[in-house]
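Protein chains in written order, with my numbering: chain A, 1 to 410; chain B, 411 to 839.
Please note that the accuracy of each hint is not assured.
To be verified - So these bits of chain B aren't anywhere near chain A, every CB distance computed over 10 Å: (1) Asn450; (2) Met473; (3) Ser501; (4) Ala532; (5) Thr548; (6) Asp628; (7) Pro662; (8) Gly677; (9) Phe694; (10) Ser780; (11) Arg792.
As the list claims (entries may be wrong) - Reference listing, derived: stretches of chain A covered by chain B, where coverage requires no fewer than 3 residues with Cβ under 8 Å from a Cβ of chain B: (12) 287–297; (13) 331–337.
Hint data in this document are derived by calculation from the structure and do not stem from the laboratory. Keep in mind it's a predicted model, so treat the numbers as computed, not measured. From the three backbone atoms N, C-alpha and C, an ideal C-beta is built for every residue, glycine too.
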Amino acid sequence: MATLTDPPSSGFRLSKLIYDTRYRSYTFQFIALMALVALIGYLGSNLMQNLRAAGLNISYEFLGEPSGYDINQRPIEYDSQSSHMRASIVGILNTLIVAFLACVTATVFGVLAGVLRLSHNWIVSKLMAVYVEAFRNVPVLIWILIIFSIMTVSLPGPRSFRGEEATSSMLFDAFAFTNRGVYTPKPEFTNPIFTSGALNWLLVLAVLVASWYGARAIGRWATRVQEATGVRPTTWYLTLGVWFVPLIALMMIMGLTWVYPELKGFNFRGGIQIRGSLIALWFALAIYTGAFIAENVRAGIQAVSKGQTEAAASLGLRPGRIMNLVILPQALRVIIPPLISQYLNITKNSSLAIAVGYMDVTGTLGGITLNQTGRAIETVLLLMLFYLVISLSISAVMNVYNNSIKLRER
Amino acid sequence: MSDTELAFVRHDQIPEAPPPPSERGAIKWVRENLFSNVTNSVLTILSIISIYYLATFVVPWIMNGVWNTSSLAECRDILQGAKGGCFSVLSERWNQLLYGFKYPNDQYWRPTLAFLLLFAAAAPVMFFDLPRKLLIFTGLYPFIAYWLIWGGTILSPIFALLGFVAGYLVYARYVKNSFFIGLFGGIFAAFVAWYIGGKIVELLNIQNPTLEAVPSRDMGGFMLNMILGTVCVSLSVPLGILLALGRQSDMPVIRWICVIFIEFIRGVPLITLLFVANVVLAFFLPPGTTFDLILRVIIMITMFSAAYIAEVIRGGLAALPKGQYEAGDSLGLDYAQSMRLIILPQALKISIPGIVNVAVGLFKDTTLVSVISMFDLVGMIRGPILGAAKWNGVYWELLGFAAILFFVVCFGISQYSQWLERRLATDHR
Chain A
1 MATLTDPPSS GFRLSKLIYD TRYRSYTFQF IALMALVALI GYLGSNLMQN LRAAGLNISY
61 EFLGEPSGYD INQRPIEYDS QSSHMRASIV GILNTLIVAF LACVTATVFG VLAGVLRLSH
121 NWIVSKLMAV YVEAFRNVPV LIWILIIFSI MTVSLPGPRS FRGEEATSSM LFDAFAFTNR
181 GVYTPKPEFT NPIFTSGALN WLLVLAVLVA SWYGARAIGR WATRVQEATG VRPTTWYLTL
241 GVWFVPLIAL MMIMGLTWVY PELKGFNFRG GIQIRGSLIA LWFALAIYTG AFIAENVRAG
301 IQAVSKGQTE AAASLGLRPG RIMNLVILPQ ALRVIIPPLI SQYLNITKNS SLAIAVGYMD
361 VTGTLGGITL NQTGRAIETV LLLMLFYLVI SLSISAVMNV YNNSIKLRER
Chain B
411 MSDTELAFVR HDQIPEAPPP PSERGAIKWV RENLFSNVTN SVLTILSIIS IYYLATFVVP
471 WIMNGVWNTS SLAECRDILQ GAKGGCFSVL SERWNQLLYG FKYPNDQYWR PTLAFLLLFA
531 AAAPVMFFDL PRKLLIFTGL YPFIAYWLIW GGTILSPIFA LLGFVAGYLV YARYVKNSFF
591 IGLFGGIFAA FVAWYIGGKI VELLNIQNPT LEAVPSRDMG GFMLNMILGT VCVSLSVPLG
651 ILLALGRQSD MPVIRWICVI FIEFIRGVPL ITLLFVANVV LAFFLPPGTT FDLILRVIIM
711 ITMFSAAYIA EVIRGGLAAL PKGQYEAGDS LGLDYAQSMR LIILPQALKI SIPGIVNVAV
771 GLFKDTTLVS VISMFDLVGM IRGPILGAAK WNGVYWELLG FAAILFFVVC FGISQYSQWL
831 ERRLATDHR
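This is chain A alone, in the form it adopts within the complex (with noise of 0.2 Å):
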């Protein structure tokens, strides 16, 4: 607040720490920390009290020892004589693998909600309303115990599949839905260039991120090409070429196979397996967050004034073309920011993973482990430490690229 009085010629006196605004705000501010250190001395010495009266300590090392129990997906290498801390990264991987899986299944829900919703079509438009209103207003754990009972209860049984009167088909001999998950073929090498697995399939995301790079760069000589002449050269085959050619060659010579599931003895078994309780919790968050997603896509359109669509069309761009270089960037200026708030949302609600037995990280240290060891303050400790940072990393994020998209005036 603004102060305007001349200070009063007398010296200091007690009185003014309180009557005085100059110092006011120091009194306040002396008498909040001290609050805040006696709150936190008094739940402090309750702590330690507590803790010497259960003969407990707060100690990490039950961290090294090992864990005794068993997850049933496991990214990295595990097993029950592993250490907590590696279930805990079993978990946190676990983790990740669901968020990621969920936010690129809810961005594409929710932009082609969004889309569609904003549609001239009016069945077209009024259901995605009804799929808006009914995902934002029910719980996400309702849905995803509805999506896991899916799952476990509606689809067959690997025994269905048997025999002569299978009851149960596999889709184009390749995919099984059963409810112990469902089955897909597994991509494998038969001539690989290193023997480790992740080695070979960095090596195609390297050649993955080279033609990008080399697309792009086709792209920019284009353009040179184009403000030179005023004619824009054909280069979609030299796109396609450079982006599949190394691929495919890549392909070639690793010896590329698909490994198919086959139902032997109770169970299938070869290719992968997606657990019935990754899929609930995979699309239940991405259903869920894609009816947000929808509203904020709607919201970034229809901030783009008409105005900007008529502008462009009276330049003489064609609609395509209207879309891409004048509505999308602005739309998108409003729409990422509450999108990277949406994928926090998800990576957070990941932890509902629990209700459906999917070990996630809070399945693992907040879970079992917890249960295990008793250490309840240091794992929920972690457990905490591990989504703020994850929040943290991505605010920051957020952060920055708000920052380049700022509008710059003058």
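Following the hints, complete the assembly by docking chain B onto the known chain A.
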């Protein structure tokens, strides 16, 4: 033949021809809205097909529904393999779904009455046209509802109320001198009154109160969701306002306390906070105190939603033009006055839609308490009802019922918020 003689002159106007059939009525509407081009036609046909498939699943399921059997096996006998829902689980377990499985059977009227009174209490807050005198009932409602739901001696809520009255009287007496003296004096007076009241209740130690006392752990079902939702939202709004003001404050110590609190709470999922309430919070309380779980959960959920509401209100504060703050200063108002009289009324008005969004989200999040084995609506469904041998396997009916119940409440609140937004829009657009 003269020049003036014309072959034929029509003297009256031809009646207007109707527009061609394709340009009017339903046909025109269908052409324009459903089949305007190829893409639209494809989308329309796809939508109709998917609606049809959905309907072939859902309609017979609902129409053939069985409402009055006492177990799943009986219900399947009646259906004879036909498609149909076993809604009898809803009619048989109705009370459990709404009140949990421990609340005394003969006392169900109490939470029901409290629920009905909630509308009367909320009405003057939600609709400004109602007489302001009704707000007195809103002020009394928390004490009435507590007494109705938890029961026990009526003296406890009365002394709690007297504490607030004493606090308010002291505040009203001293606020003219200084806001802070009034505030702290009021808080002090309230605590003194509560302490004395607590002693009196202990001394009297009434054995047979009018309403049978029900312990907190017996609360359950949708009632628990409603209790958590209403209590936490109403507590977190004032806390959120304080946090938002603290975050906007000029004093670095207070600002940083608020920033760290808000960012920490917003950075972690609600489940971890519920874990804290369940297993960690007890370590931080004085040894020997027992605190029931419902109270611990209310504390953590209130902190959670207060952080989100604080961010919404901060948005409202930031949206006010700087001139409003300067106008308050130039009128010679002190901080508390300018906030109460100028800034907050405007900032809160801007924040209402956001606050309602947070409230809806919070109400949906109350289902998470089922993860720490409290028996709210979802907890009842997953625990005692699906676990019972009689109803093991009735998923869709129960989960669908829960979904519809939440949808009705949340959709209602969001419609109210949209109405309020239009109502409060004072700018002419």
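Results of checking the hints against the structure:
{"no.": "1", "hint": "Asn450", "verdict": "5 Å, violated"}
{"no.": "2", "hint": "Met473", "verdict": "20 Å, holds"}
{"no.": "3", "hint": "Ser501", "verdict": "21 Å, holds"}
{"no.": "4", "hint": "Ala532", "verdict": "19 Å, holds"}
{"no.": "5", "hint": "Thr548", "verdict": "26 Å, holds"}
{"no.": "6", "hint": "Asp628", "verdict": "23 Å, holds"}
{"no.": "7", "hint": "Pro662", "verdict": "7 Å, violated"}
{"no.": "8", "hint": "Gly677", "verdict": "4 Å, violated"}
{"no.": "9", "hint": "Phe694", "verdict": "5 Å, violated"}
{"no.": "10", "hint": "Ser780", "verdict": "7 Å, violated"}
{"no.": "11", "hint": "Arg792", "verdict": "7 Å, violated"}
{"no.": "12", "hint": "287–297", "verdict": "violated (count 0)"}
{"no.": "13", "hint": "331–337", "verdict": "violated (count 0)"}
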